[in-house]
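If you're matching them up, the sequences are chains A and F in order.
Per our numbering, the first sequence starts with residue 43, numbered consecutively.
Per our numbering, the second sequence starts with residue 141, numbered consecutively.
Any given hint could be a false lead.
Ranges between beta-carbon positions, derived for each pair [claimed, not checked]:
#1 F/Gly382 - A/His450: 38 to 48 Å
#2 F/Leu155 - A/His45: 51 to 61 Å
#3 F/Asp191 - A/Thr332: 55 to 65 Å
#4 F/Trp170 - A/Thr100: 53 to 63 Å
#5 A/Gly360 - F/Thr359: 17 to 27 Å
#6 A/Gly456 - F/Glu342: 46 to 56 Å
#7 A/Trp453 - F/Val429: 21 to 31 Å
#8 A/His450 - F/Gly556: 32 to 42 Å
Keep in mind that the hints were calculated from the coordinates and are not lab data.
No residue lacks a Cβ here, since even glycine has one placed at the ideal position from N, Cα and C.
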Amino acid sequence: MSHSATLALLAISPLILVSLTVIVVMLSIAWRRNHTLSATLTAIGLNAALLALLFGWTLGPVDVTGLLVVDDLSRFGGVLVLMSTLACLTLAHHYLEGYDGPRDEFYLLLSSAAAGGLVLVSARHMATLFFGIELLSMPLFGMLAYTFRDRGALESGIKYMVLSAAATAFLLFGMALLYAVTGTLAFDELGAALATYGSDAWLLAGAGMLLVGLAFKLSIVPFHLWTPDVYQGGPGPATTFLATASKVAVFLVLLRLFQSALALHEGWWSDLLGFIALITMLVGNLLALTQNDLKRLLGYSSIAHFGYLLVALVVNDGLAVETVGVYLVTYVLTTLGAFGVVTLVSSPYIATGGTADASPLHHYRGLFWRRPYLTAVMTVSMLSLAGIPFTAGFIGKFYIVAVGVEAHRWWLVGGVVVGSAIGLYYYLRVMVTLFLHEPGMQRRDATHDWAERAGGMVVLGVATLVILLGLYPTPMIDWVHWVAGS
Amino acid sequence: MTLVWLILIPFIGGLLCWQAERFGDQAPRWIALATMLLELAMVLALWAGTDFSLPATGAENAWALEWQADWIPRFGIQVHLALDGLSLIMIALTGLLGAMAVICSWREIVRRVGFFHLNLLWILGGVVGVFLAIDLFLFFLFWEMMLVPMYFLIALWGHSGSKGSSRIGAATKFFIYTQASGLLMLIAILGLVFVHHAATGEYTFAYADLLDTPLDETTAWWLMLGFFVAFAVKLPVVPLHGWLPDAHAQAPTAGSVDLAGILLKTAAYGMLRFALPLFPEASQAFAPVAMTLGLIGIFYGAILACGQQDLKRLIAYTSISHMGFVLIGIYAGTELALQGVVALMVAHAFSAAGLFILSGQLYERLHTRDMRQMGGLWGRIRGLPGFALCFVAASLGLPGTANFVGEFMVMFGTFGVAPWIVAIASLGLILAAIYSLFIMQRVYYGPPAEETSFGGLDRRETVLLFGIVALVVLFGVYPQPLLETSAGAMQIVQHTVERAGAMTGGAQ
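Model the full assembly from the supplied sequences, consistent with the hints where possible.
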């Protein structure tokens, strides 16, 4: 084997390890069904992949055929994807203990989706982009509808499937148009071609459709309609994965597209994107205002957060890449905290036939007086989502405002301020609900030993990280700065 | 390190209170009191040990104490704390009012005592941080951070008020007002930092470096507005005051004491420390507008105070009126007016705290704050009405009280700059007399609603109130120590204003 081939194999070894995990877990299920064994095997495989990823950092940027590139950005994305997958895994183990159907396959789906995420963050060709997105989404249908006897979960899975089909159609059509005009599918060649062809109508149509496809996945207004239903209905661990790993991977590929291919520096193009960012943050926040369901509320809040993130893409200059990195880290940590608490309160799963999880807000009323530390986690997550100082979320918001101010995008900065002010209202509402002393109507509680379980520890660790990074963000900033700089 | 400890002590004390709850309800109270007294003792020791009366050389900030450490080198952000006469007075005030807040909620708060004191002390810790931070990032962090415990204080221990206004609604309103305006300040801070970056090629949030950022007129104007709006919401200046009456009316007594006594002062402090020195020319140009807003505040607050039925809302509106004087004094920019602002802030902290504590004590006895249900209380509660008379007299600015000193100095200092503003503002003093006498008349005199008498003041309450009265009179008769301490800091502000005036004057 030639040297370059070895290097390439080493560079994509995390992907290979995750795929191997899928096969091993599948065989182990075929041999004997054992919930804990499957979970442990998956955890080992994912951890091995994470280690391989971290050690692979010494290799520097590696091109793997014309399809994948393993550079700092993709390793950064890989770390986020694998970390959130691991968190979902620990949450899922506790959650699924109450499920009476087959439990082991969830881990198969989870690791397949993680593999899709890994492909996506390394994609530098439309083929791998498409492949990655499908590999990420297909298992998610299964995960979202995993507890399919609940109408909510089934509805969530089917809705996500229909939307994904639509998104895929847009994506493929867009790619086809781009190919028809330029004759290439590699990102960098596309970028060069776009520069020469200028504003060819077919080219713009293709680029637009591509964006629509990705916007569906990121639930950017006006392609957000599926989000609240899917978030609300899906089982806790699956929603957590959808909200973290899946979004991060898609956003990173979008960032890569913007860096190489779609950098259309025409005024109206970035104005249009700016407008989309503006309405995304406003609509997300406004619709969240009246929600009485925590998971729906978090769904709308995630729409708003991706609106903020789009500001960095609109600017696409200066601090932009660093901003995306920092914001994604803080977003993932915070979201893991918030959904982690929801999942822990809903664990173990209890079949209801409707929506199984403890998602209505009144379940959480007075949680502080029963589970003070779990409530502390939730409070920290809410404060961080609202971007209050001394939480990681503030550092993210600081970057967004900074990038907007630096580029003099005053409308967007104004949008962030208005959005945050609106957002405060519902984050505070959730927070104060936790501390009210009136008993809730249908109490649902985390088990007493939640803090000793892996899922509980992960959630506590995440909350601690949110606080630590809020107090001393330098390590994170240095890391991301280094990733963005190279 | 003393400065770091000044910030850390309330935070640590708060955590201890929270954990001490398991040893019973008394433990958190004593711990909180001890924490605040320790804080106060440290500040007083600093005060005694440092000479603040030295006039500052030129316009350089002469800090009595300074502490810095790298924090986020990527953006040149440091943990940079510094103390001068102004911040010392404010921190001493924080410690004192903090202790009072703990004492006055001794009986009032019976549910979740530990968590209550955690929030109370964390507010105070945040406020101390605001008064010490001279890195703009750090300042902003403390500025926003202190809102969270205040929110909990109002939302969880507040009174559900009259006419459907809920305590959670009031708390949310308070939070959104201040947070959103705070974000405007963040934008202004970042704008300033990027202008500085464009000029020098390095990121820094350090106060001393940003002071000499070259700004063109329009930029300076917008950035100054960003700071001003944030401070104006907190002060509050009239079109932005919507949160204040609700927050006061629903907050527990300790919350009101902190809110009126210290939190409002952070805004005036911010103007003196940041808005004026960072943008002297723009502030100079803005001064007539600001003074007019102050004037509107004086009358608006006073007139609305006259029409209130809820005792705490009434006091809240009088705060708006008093803060109008503060705003006028700040933007007058003469040394006398600025010194008057300091005196007035201290005086108002005492008189407003006293009035709020009294209304809290009335509420404990009468279970209402509605003045229509009061009346004739003079003979029915032993001791309390006498103190009320003292604080009302202070609030209307009777000579011999600290409030008189403050208002007089502000007016006197402003007269040379804006005689008409002073002439109109002094009419506001008449309204102050009217609403003050309204309080006495409606609550304590007139025909009693019933003949039954209520329990008199116990020793804790008497000592607390007597202490405040003593301070009001002390600084009313002999304000010199206060003025000497703040002289250096105020001279620096005055120099900046003067230079800006000379420059804009020269340009015309």
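Violated constraints from the hint list, given by number and in increasing order
1 and 6
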